[in-house]
Amino acid sequence: MISWLMLAQAIVIAVLGAGVAIAGLAKVKMNDLVLGASALAMLSLVVQVVASIVAPIVGAGPTGDLLEYWVYLVTALLIPPAATLWAFADKGRWGVLVVGVGLLAVAVMVYRMHQIWFVQVV
Amino acid sequence: MPSSRRSGFGRVLIAVYAILAIAATGRSVYQILSRFDEAPLAYALSAVAAVVYVVATIALAMRGAIWTRVAVATIGFELLGVLVVGTLSLTHPELFGHASVWSWYGMGYLFIPAVLPIVGLWWIRRTERAAVGGSVAA
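Protein sequences appear in the order of chains A and B. Start counting the first sequence at 1; every next residue gets the next number (this note's numbering). Start counting the second sequence at 1001; every next residue gets the next number (this note's numbering).
Bear in mind the hints are in silico, worked out from the structure with no lab data behind them. Heads up, none of these hints are tricks.
Which stretches of chain B does chain A cover? Using the computed rule of at least three CB atoms under 8 Å from a CB of chain A, they are: (1) 1012–1024; (2) 1027–1034.
Simulated DEER-style distance windows between Cβ atoms: (3) V15/A x R1069/B: 36 to 46 Å; (4) G19/A x R1126/B: 20 to 30 Å; (5) A8/A x A1073/B: 38 to 48 Å; (6) P1040/B x V49/A: 26 to 36 Å; (7) A26/A x H1092/B: 40 to 50 Å; (8) V1132/B x G92/A: 17 to 27 Å; (9) R1125/B x V15/A: 27 to 37 Å.
All of these numbers come straight from a predicted model, not from anything done at the bench. C-beta atoms are modelled at their ideal positions from N, C-alpha and C, and glycine is treated no differently.
Chain B extracted, bound-state conformation (with noise of 0.2 Å):
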């Protein structure tokens, strides 16, 4: 099915989330177990970009309307998440100016983190209006 959201370009996008999610989770495992005492708020924010990011990826994998929401909602927080802790670990440092996935805009994910959200977005709205436009035309 061509409208399917884990189809075409969306098995590449869910590819990229899932590398994404297993980095990230890869990552805050290491910073909690060896560092957590640096910087306790940045990397339980690490540890929760994580979560959200392994929902995320199945959330997009996975069909049905409930998963849908799940999606936008998980990908909405990312996006919000990217650009608040962004701009935190700028104007505070001290606090969020620690390797995390989201600190910096994403910079030590080369910007995906701040590129991913809207292109998810995207497609999600591209995926869902072509099955509306499918069945109405079925």
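Only chain A is shown next, with the shape it has when bound in the complex (with noise of 0.2 Å):
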């Protein structure tokens, strides 16, 4: 696991997701640039998922707790996903700050991820 490309995620996530959730606040209407957003949020997780497994194997485990980083990790996987889900049934603006909204909850959780494998101070 890789410190600063994990800060790197969550603050692009954060990006996205703001970016995203202000064109849902401009009025601007579903398409595939935010549906590319929340794939590439949901893309950079599944590698998380991958790098997850392999980084304790070869010995670099969390600071912190690996069950709590597992629990926070496969709830921001579901959400691109489910938040994605959840705007197709408004193509309109709310659709798109819903998954705005969504993104901003990954990259939160993304940087707790960060601070359970990294800087635990317990």
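Hints given; two lone chains; assemble the complex.
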């Protein structure tokens, strides 16, 4: 697991989420960019799953609780697809805002995961 | 139907509720599995809060008068919970000073747990009024 890469992931997803949320507030309708942002977040989390399985095996385990970390990761992984499905009933700005809010929540979770993995103060 | 509880702004509201519900459930399951003995009261309450968020999310998303009542009851309970537990976490930190969705008025969740019930109740009132107004007009 690489610390700065995970922080970069959180920041990128936060920026995507903020961008999508602002687009929603600006009444932009559902489009491929919004879906792409959600897919990108989802993809990065799938990579995260693989890294999280491999890292402890090669001896780079978390400083914090691995169970807590996985609870966050699995929850975060569910959000982009669930938010996108939920948004599809409203292809107007509210649906876009749903995706934006979902991505912002994922960004917070990735940040928390970073804390659990690297900077646990127990 | 614009007056439906789950369309328009309601879609975003329910999405935020759902995120909070799964976040609270995830954290609660972890707390009970790994460190329940540290603060049984706070963590049991954390579990109750998680269940209430899940029920509130479902109730908001469903139609019908019964679900409206369930939504008002659960969201009202949340508001009470975040105020009472938020205050207790300050006055009795040894009992409630543990990370839960309601501790310190939901600070760990950017105070969303304190704001959301107010927005939720407002939204139910607004959509219910629109529904009544609509049927009178028709």
